[in-house]
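Colleague: Construct the entire structure; sequences and hints are all you get.
From first to last, the protein sequence lines stand for chains A and B.
In this note's numbering, each number is its position in the first sequence, counted from 1, plus 1018.
In this note's numbering, each number is its position in the second sequence, counted from 1, plus 11.
Some hints here could point you the wrong way.
[To be verified] Here's a subset of chain B near chain A, in silico, CB distances under 10 Å, partners left out: (1) Val-24; (2) Gly-63; (3) Gly-74; (4) Ser-123; (5) Met-255; (6) Ile-260.
[As the list claims (entries may be wrong)] Label-pair restraints from in silico Cβ distances: (7) Asp-167(B) - Ala-1124(A): 41 to 47 Å; (8) Leu-1116(A) - Arg-360(B): 37 to 43 Å; (9) Arg-366(B) - Ala-1123(A): 49 to 55 Å.
Just so you know, these hints were derived from the structure itself, not from any lab.
Cβ coordinates follow ideal geometry from the N, Cα and C atoms, glycine included.
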Amino acid sequence: MNSNGNLPFPVWAGFQFDGSASEYFKIWVVNVLLTIATLGVYSAWAKVRSESYFYGKTSVNGSSFRYTADPIKILKGRTLSVLVFALFWILFNFYPGLIVWTLGAALLLFPFVVVASTAFRLQNTMYRNIRFRFDARTIDGYKAMLIPLALIFGLTAFIYGAFEASEFAMKIEAERGGEFRREDMIFTILLLSELPLIPYLVFVLRRFVINHMRYGSAAEYFVARAMDFYKIYIKFFVFSFGVVIVMGMVLGFVMGALGLTVPNELDSDQSAAIAALSGPIIAAVLVFYAVGFYLLGYLNSRLMNKTYNSTQIGPLQLHSTLRGRDLGNLYLTNTIAVLVSLGLLIPWIKIRMAKYKASRTEFLAKDMADISAIEQSDTTAIGEELGDIFDLDIGL
Amino acid sequence: MNIRISGRLYDGVSATSTPVKAVCDGSGWLSIEDVDFGAITIADIQFSERVGTIPRTMQFPNGKMFECDDNDSIDRWLSQCGHQTSWQHRLERNGSFAVAALVALALVILVSVRWGIPQISNLIAARLPTEVDVMIANGTLEALDETIFERSKLSDLEQRPVLERFNQLAAYNHEVNFNLVFRGGGWIGPNAFALPNGTIIVTDELISLSKHEDELGSVLLHEMGHVVHRHSLRQVIRHSWLAMLSLLIVGDVSSAGTLVLALPSILVQSAYSQEFETEADDFALARMREHNLDPTHLANFLDRIERCAAFDGDAISECDGSATINRENATPQTSGWLRYLSTHPTNERRTARFRRPKD
Ligand SMILES: [Zn+2]
Chain A
1019 MNSNGNLPFP VWAGFQFDGS ASEYFKIWVV NVLLTIATLG VYSAWAKVRS
1069 ESYFYGKTSV NGSSFRYTAD PIKILKGRTL SVLVFALFWI LFNFYPGLIV
1119 WTLGAALLLF PFVVVASTAF RLQNTMYRNI RFRFDARTID GYKAMLIPLA
1169 LIFGLTAFIY GAFEASEFAM KIEAERGGEF RREDMIFTIL LLSELPLIPY
1219 LVFVLRRFVI NHMRYGSAAE YFVARAMDFY KIYIKFFVFS FGVVIVMGMV
1269 LGFVMGALGL TVPNELDSDQ SAAIAALSGP IIAAVLVFYA VGFYLLGYLN
1319 SRLMNKTYNS TQIGPLQLHS TLRGRDLGNL YLTNTIAVLV SLGLLIPWIK
1369 IRMAKYKASR TEFLAKDMAD ISAIEQSDTT AIGEELGDIF DLDIGL
Chain B
12 MNIRISGRLY DGVSATSTPV KAVCDGSGWL SIEDVDFGAI TIADIQFSER
62 VGTIPRTMQF PNGKMFECDD NDSIDRWLSQ CGHQTSWQHR LERNGSFAVA
112 ALVALALVIL VSVRWGIPQI SNLIAARLPT EVDVMIANGT LEALDETIFE
162 RSKLSDLEQR PVLERFNQLA AYNHEVNFNL VFRGGGWIGP NAFALPNGTI
212 IVTDELISLS KHEDELGSVL LHEMGHVVHR HSLRQVIRHS WLAMLSLLIV
262 GDVSSAGTLV LALPSILVQS AYSQEFETEA DDFALARMRE HNLDPTHLAN
312 FLDRIERCAA FDGDAISECD GSATINRENA TPQTSGWLRY LSTHPTNERR
362 TARFRRPKD
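Modeller: Rendered as structure tokens:
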């Protein structure tokens, strides 16, 4: 629907997703029941069947994708990641003093998880009898993420050191009679100083993953710059900030108009005042959530469009035209649907989301016939499953 | 009898798609019309699993692949040659099985949340040595001192009677090393906390609110109940099981969002912690009767604390699932559906039990 003259190539093919909610619902119910009945063992098979369904129902130019993972490999990976997860669980709960070191160790595992899980997913993706693959080794992942990781670790160490060495914090704490606490201050400073690294981290991650993707002999190239991602995040923060201010003003105005104040006297009808107050506050929280979905929709649509529109696969150019308000609508209605249906509509929302995303993604190109197949070996499922249990969605 | 299936052939060398017709005969041989392909026996073909109505593929030993949307014809050929449809697909296409599975699922979730998780967690907790409780408490007091508490402003003279009362009440128990500390409550105000290693923290604000020594004593007993019943440990274990269960149910639906998952697990968690509060109340009630104390003191005290929490206007979030402390005063939302989000039973329900005459 976007084949206007501004595009570099004519539209070669749009993505199509023609899964049906009722069909997937039956697959999903069986998956969940067997997974619980086998205490999680079946989850590996459930994953393969579920992914197979979504891949198989996604097609471009008359051919669909295939997910070919071996459930046994997924099970092995899942077993290992459960062990790693248990280790972190024990560290978090029983050694709270080590929390900084635990988080640091988890961060150090991150590049490995990204490489292994991306490789596993891509190697098990086929289109027209040709496999995708990921030609990076673990060491490449560490090299690619060296700068962001070094920045995070370095900044943390530097701020901690500087903070402890200077007497600035102690002074403020003493002067203000404990109103400002050192721990709060250092946390705020760390957060504020490392927040600006997020767009860079997202950019580096996507560039690394896409630049190492292969489809047959066709290499993929990522042509975005870090600046593009900063622009998206800055706009997102400005919007969010604006929304918070406007909402605060509206809430204050409404409360003022209703003659409500925060109770500051211990009087007999204070509980009535609180009851009256809780209505607008609950309403405000709900509106906040709803607006949050649209803000998130804006952010995710821009990130995905930027990523796809900067990706070239050999002679093909990916093209995505997601819209923030569409995603916001989907997030909001999906959440309500799942809550109201007690989870029964989870299959429906997954189908809906896949349909929308496919309808807004297309290929621009002239010809794809010259992409030829390349032999490759299998990798283990370890990384993929680590990525799964820790919910590291790298959004590709 | 021959089965003819139309589909697409991919040679595995290029990404071109060729429309073809596969001819499958009853003795298990496959050939492809108008293509120089030879004949391939069914034993050499890798069939993809049937999942819903997604396209089915046959992978041949020569590297070529046949793909079609006609799942039924392929299944017919397979069954002609003595192969069965996968049991998963037979379950997945069966509407009445889906309904039965749904009912079973609801039952399983209900039973495991209501009985399974609490029982298993209690069993595990009973098998863990008390050193584990001490481990959970490690560093908690230091962390609380750094983030919340202030130094107590009470003099030794003011602290002594409370301490004496505490030691008296704690004397009967030799298994737990009870220990009372005084702190300024900061923004938390009148409150008491129990750490799993037996350290009990009372805030100055709480002490100044009490109008009778047995009022404070009853709260101290309630806190001891948390320690004796090892609530922190049991809570950590229960929450982990709960997280595991929701992971099993939702599986790979990361896209469904964590918010959707968060609400039901908050509800279950607050139900669990209400259960613990009731258990600690029971403990306090039993000890008070043993010591011949009037249980209405706890009721009066809770009422007063509640009024003051409202007075402060500090609606402390009770849903933050802090695993290692048990916070005492409830938020002032005593009515409506918000009650279900509270970690404590409503005050009315709680105090009613203490005002009831001895049965
Ligand atoms: Zn309690």
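Colleague: Look at each hint and say if it fits the structure.
Modeller: Evaluated hints:
{"no.": "1", "hint": "Val-24", "result": "holds, 5 Å"}
{"no.": "2", "hint": "Gly-63", "result": "holds, 5 Å"}
{"no.": "3", "hint": "Gly-74", "result": "holds, 8 Å"}
{"no.": "4", "hint": "Ser-123", "result": "holds, 8 Å"}
{"no.": "5", "hint": "Met-255", "result": "holds, 8 Å"}
{"no.": "6", "hint": "Ile-260", "result": "holds, 6 Å"}
{"no.": "7", "hint": "Asp-167(B) - Ala-1124(A): 41 to 47 Å", "result": "holds, 46 Å"}
{"no.": "8", "hint": "Leu-1116(A) - Arg-360(B): 37 to 43 Å", "result": "holds, 40 Å"}
{"no.": "9", "hint": "Arg-366(B) - Ala-1123(A): 49 to 55 Å", "result": "holds, 53 Å"}
Hint violations for this structure: none, all hints satisfied.
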